[in-house]
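Line by line, the protein sequences are chains S and G. When the count follows this note's numbering, it moves up by one through the first sequence with no breaks and lands on 483 for the last residue. When the count follows this note's numbering, it moves up by one through the second sequence with no breaks and lands on 148 for the last residue.
Since the hints were made in silico from the structure, they are not lab data. We treat Cβ as the ideally placed atom computed from N, Cα and C, and that holds for glycine. Accuracy of the hints is not assured; some may be wrong.
[Stated by the list, open to error] Quick list of simulated restraints, FRET-style, between CB atoms:
#, chain 1, residue 1, chain 2, residue 2, range
1, G, A39, S, A331, 43 to 49 Å
2, S, V395, G, G120, 21 to 27 Å
3, S, R304, G, L12, 40 to 46 Å
4, S, L24, G, A39, 57 to 63 Å
5, S, G472, G, A39, 30 to 36 Å
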Amino acid sequence: MNRTTVLGSTSRQGWGELTQWPLLGWVLRWRHARTTAQTVLLLLAGLVLYDGFFGPSLAPKNLAGTLPWVHWRGFVVLALLLAGNLFCFACPFMLPRRLAQQLFRPTRSWPRWLPGKWVAVTLLVGFFWAYEAFDLWASPLLTAWVALAYFVAAFVIDGFFRGAAFCKHVCPIGQFNFVGSLLSPTEVRIRDASMCQRCRTKDCIRGRFDANQRLVQRGCELGLYQPAKIGNLDCTFCLDCLHACPYGNVGIRWRLPLKTEMDPETLRSGIGHLHTRPDWATLVLVLVALGFLNAFGMVSPVYRFLEWLSQTLHISSEPALLAIVFVGALAALALAIGLASQLTRVLAPVPGPRWVATRFVYTLAPLGFGMWSAHYLFHFFTGALTLLPLAQQFVLDLTGQAILGQPAWHLASLLPIATTTDLVLIVLALGYFGSLVWTMQLATRYRLGLLAILPWIGLQTGLFVVGIWLLGQPMEMRGTLLG
Amino acid sequence: MGTRWTVLLIILSLVSLVPLTAACRRGEATASVHVEVVAIDPSPPTVGPATVRFRLQDSTEGKPVVGLGTVEVEGTMSHAGMEPVITTAREEEDGVYVTEGFTFTMGGDWILIVRGTWNGQRFEARAEIPNVRSSAATPVHQHGTVRP
Numbered sequence: 001m002n003r004t005t006v007l008g009s010t011s012r013q014g015w016g017e018l019t020q021w022p023l024l025g026w027v028l029r030w031r032h033a034r035t036t037a038q039t040v041l042l043l044l045a046g047l048v049l050y051d052g053f054f055g056p057s058l059a060p061k062n063l064a065g066t067l068p069w070v071h072w073r074g075f076v077v078l079a080l081l082l083a084g085n086l087f088c089f090a091c092p093f094m095l096p097r098r099l100a101q102q103l104f105r106p107t108r109s110w111p112r113w114l115p116g117k118w119v120a121v122t123l124l125v126g127f128f129w130a131y132e133a134f135d136l137w138a139s140p141l142l143t144a145w146v147a148l149a150y151f152v153a154a155f156v157i158d159g160f161f162r163g164a165a166f167c168k169h170v171c172p173i174g175q176f177n178f179v180g181s182l183l184s185p186t187e188v189r190i191r192d193a194s195m196c197q198r199c200r201t202k203d204c205i206r207g208r209f210d211a212n213q214r215l216v217q218r219g220c221e222l223g224l225y226q227p228a229k230i231g232n233l234d235c236t237f238c239l240d241c242l243h244a245c246p247y248g249n250v251g252i253r254w255r256l257p258l259k260t261e262m263d264p265e266t267l268r269s270g271i272g273h274l275h276t277r278p279d280w281a282t283l284v285l286v287l288v289a290l291g292f293l294n295a296f297g298m299v300s301p302v303y304r305f306l307e308w309l310s311q312t313l314h315i316s317s318e319p320a321l322l323a324i325v326f327v328g329a330l331a332a333l334a335l336a337i338g339l340a341s342q343l344t345r346v347l348a349p350v351p352g353p354r355w356v357a358t359r360f361v362y363t364l365a366p367l368g369f370g371m372w373s374a375h376y377l378f379h380f381f382t383g384a385l386t387l388l389p390l391a392q393q394f395v396l397d398l399t400g401q402a403i404l405g406q407p408a409w410h411l412a413s414l415l416p417i418a419t420t421t422d423l424v425l426i427v428l429a430l431g432y433f434g435s436l437v438w439t440m441q442l443a444t445r446y447r448l449g450l451l452a453i454l455p456w457i458g459l460q461t462g463l464f465v466v467g468i469w470l471l472g473q474p475m476e477m478r479g480t481l482l483g
Numbered sequence: 001m002g003t004r005w006t007v008l009l010i011i012l013s014l015v016s017l018v019p020l021t022a023a024c025r026r027g028e029a030t031a032s033v034h035v036e037v038v039a040i041d042p043s044p045p046t047v048g049p050a051t052v053r054f055r056l057q058d059s060t061e062g063k064p065v066v067g068l069g070t071v072e073v074e075g076t077m078s079h080a081g082m083e084p085v086i087t088t089a090r091e092e093e094d095g096v097y098v099t100e101g102f103t104f105t106m107g108g109d110w111i112l113i114v115r116g117t118w119n120g121q122r123f124e125a126r127a128e129i130p131n132v133r134s135s136a137a138t139p140v141h142q143h144g145t146v147r148p
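Looking at chain G on its own, in the form it has when it is part of the complex (with noise of 0.2 Å):
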């Protein structure tokens, strides 16, 4: 019996380390380029088609990525097995991109995903876009708290 709890306690052991070694992911947001969202038409952003600017900036430096002339935009949620919005986001100014044809078909917590190539090498930055509303009269709601 003593053998058994012991390879029961190996086993659970074995099992709840392999969690801990989970700071290693796969496929996350390239590190070299970071996306800040500027500003949404309309503001609050709500269901339907939507304007979307935003700047892209190096990482380490914080200077603007300039000269990618356009870039390829994905909209998505937070929940798995919607379909994305894909379309592209062409420079307006120093590092300000803005989207063309991107539509909120949803309401709920967006992601922006930004791909592209800069400096030779592909990158993929996210940017979060929270609350978007079905209407107008949908409230504010922040995760974790409901705010009156």
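The following block holds chain S by itself, in its conformation from the complex (with noise of 0.2 Å):
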């Protein structure tokens, strides 16, 4: 095949696709592109590992208290729902995994015993139960620690297991951009199925090797096949596929948000059906359940409701009555899907309810992620300009001198209040709204009635009015003061 006729091709593509865009098309293409935007992020990891360990104990004060709860967090949610999984791409943490790679040629495989996203569920719960019990948006020195132990685990896991294990199996900050990526406007894919078919050395799984056989481009170490690959569950916008294949078929293409992610039926490479991936499943309900406990855990009502809970139970020691609230509320939500999923049963000719759950717990990944993306947005929104007298007083400290000008600490706000909560509104609405859609979806692709997606709609309903509530209560902020 003449790889210029196939480029010729592409060329027709224009606007919808990223990487055939003028200068980012060509940024997004260059070799190097990801490991510039992962040295960025790296040395702004730097300085939040520094100022985590040598800086103010003061979250409002310090680059490790405001970076990663303020601004990567709202980055993240933003580029999701506007670009894409580009965290993922600049990720820092792979930088060392890149190095342990080198240093150690790892050959094991991921264990068969840590199947699919199990440890990355079980880091995903215990890491937000420690940020409500030790109030790690509060601690620059917890924060740092956190970031220390991410980069080190990158390092030993992917020193050990061979592919992109820790991405795969073990990174949380992934499994949540992953379902995140669900709502995104792009998604990385092929452009002419029929190239695909005729191609013989499959380059974007399989890697590029030079005449003596050495590995010169990886292929997807995710294992998502190219042309076989469906939206952008566990793609991590690497673009190592881009870069493989021989013929220019793959792109960064835009597309409608869910509309390729929807049937739990269709077999996606790397994944299988989504309908038989418990893992999976459990993964979007943990991700919805602490989407709305995180939320819950900054607003007035929790320290009455966490005063209740003492009182009933007898218990002072507020780790053990987070515990106990997280676990009560995944319980919960386990037990509105299976209700769900049983009146379903009961109201439409379907196989039985493990059925039904298995195929409508991913709608409420839309919802889940409204939530998320509301509190995280609320936060950037009402905290962006923070970063200026931050870094205003970090050159000031560190040399002295108001080169960048005195601290003007009264910058906060990037939005008036008004205008941030009715844009978190609208995000949390938007979820609830790509929520109905996946229903609506489901039910057409079953043949199911109104009647029978009820309890889903209901459940929805419910959970969005919930979201509703807890963006109309006080904030309330208590943590570890003065470190």
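Put the complex together from the two separate chains, hints included.
Okay, structure coming up:
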């Protein structure tokens, strides 16, 4: 096949493909684009580590107390909603991982007794419990420890196991990004399926080798074979497939969010059928529950609830009470899903409640991500400008001179609070809308009547109302004072 | 393989040693002046306008810091990204200063930062104001424990 011809045909894709855009397309296709983006984030991570260990103990005055919890989280959800999984693309934790791969040339496979997403699900629950129990957001030192542990974990795990074991099985942030990228307007995918059928080398998955059989370009380490890849799940936007394809048949293309993601029975490369993956179903359940819990942990009623729980159970330890709240919330959502599945089973001729649950649980993902986005964007829009006085103070402390000016501590909000409130409600509503669309799509797919999906619409509406209530509550921030 | 494991051990050892050097911190409150909150009106502190009285003392001898006239006061929270309350406090009596136009904008744990110039040197002192309530009905909460 003539590569020039292929590239000639791709140029007709125009604005529908980011990798064909003037300048941006060139940057994305540049072999070192990812490493450059990772290096930028590595430098920022270095600042977080430095300030976390050596900076002020007060979170609002420390880069480790601000950059990860206000800016990074805001940018992550903004990127997922407006572009794609850019923060897996630019993930700085992958640099030590690459070093480990070069040092140890691992050959072991990820253990079969730790399949799928179970480790990541456990870490997600553990992390968010620790986040609330030890007020990680109020402690730059603990934040730095978490970041350091992340670097070490990526290094050690991918030094032991081949492929992208850390990204696929361990990284909680990655799983959050994968589920969030269901709503992204872009996707890495092939341009021309017939070209892949004619391809014999399958470089996009195997990698490209030189004449001496030395690997010169990795293929997809997460096992996503481009012609059979569906949607964004498990895709880190690493663009290895794009660089490996000898025909330039892979690109980042615009799409209607969710459109290709909604059928749980589609065979997805590297994943299989979603309805046969209890780990993926649990991941969605956990992320939805944690999205609401994480927002609940920041509003005034949480303290009244904890007080009531403390009196009822005669437990005064906050970590213990929070563990009970976490288990309770996860169990409550699982119970609600089970109840909705049972009701659908009663209202429609479907095989059983398990059949329903393993297909419909995914419809909650957009609403859950809407809750996360509303929460994180609230912090981002109310605190984005704090970066300027922090940078001014940082330079002043380090150099003894106000090179960037005296710290302007009055700077905080990017948008007026009323605008922010409206915006986050719209984001939550968009998530709710996505969940409804997904539910309707499944009803069409399985020829179910409106009555049969009412339990799911009811569950989503109930969660949406809880989300609106949470966003309307007065915030109350209580944490470790002065370290 | 032995060399690789040695490299791994060296890297991990270096990484684990870095945090142990974290004793010296940038940007901490200067030690020359100590601030102590004397009274808050309303009490217990609740979201809304408030008057905070605080005492400034020499950290070494404990003598009241007098004659400053007004000092800069910043109220901030334990969570980053919140808009701080920046105002001034005037000297009311020997070493006791009272805020002007201060407002608790949110419930939770607040930190009072006082900045000024004393003996020709800039100082910054911090004090905690825990448990500012969103409303009078909000329970008291100590970090790590919940008190019925």
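Which hints from the list above does the structure break, by number from lowest to highest? No hint contradicted; all consistent.
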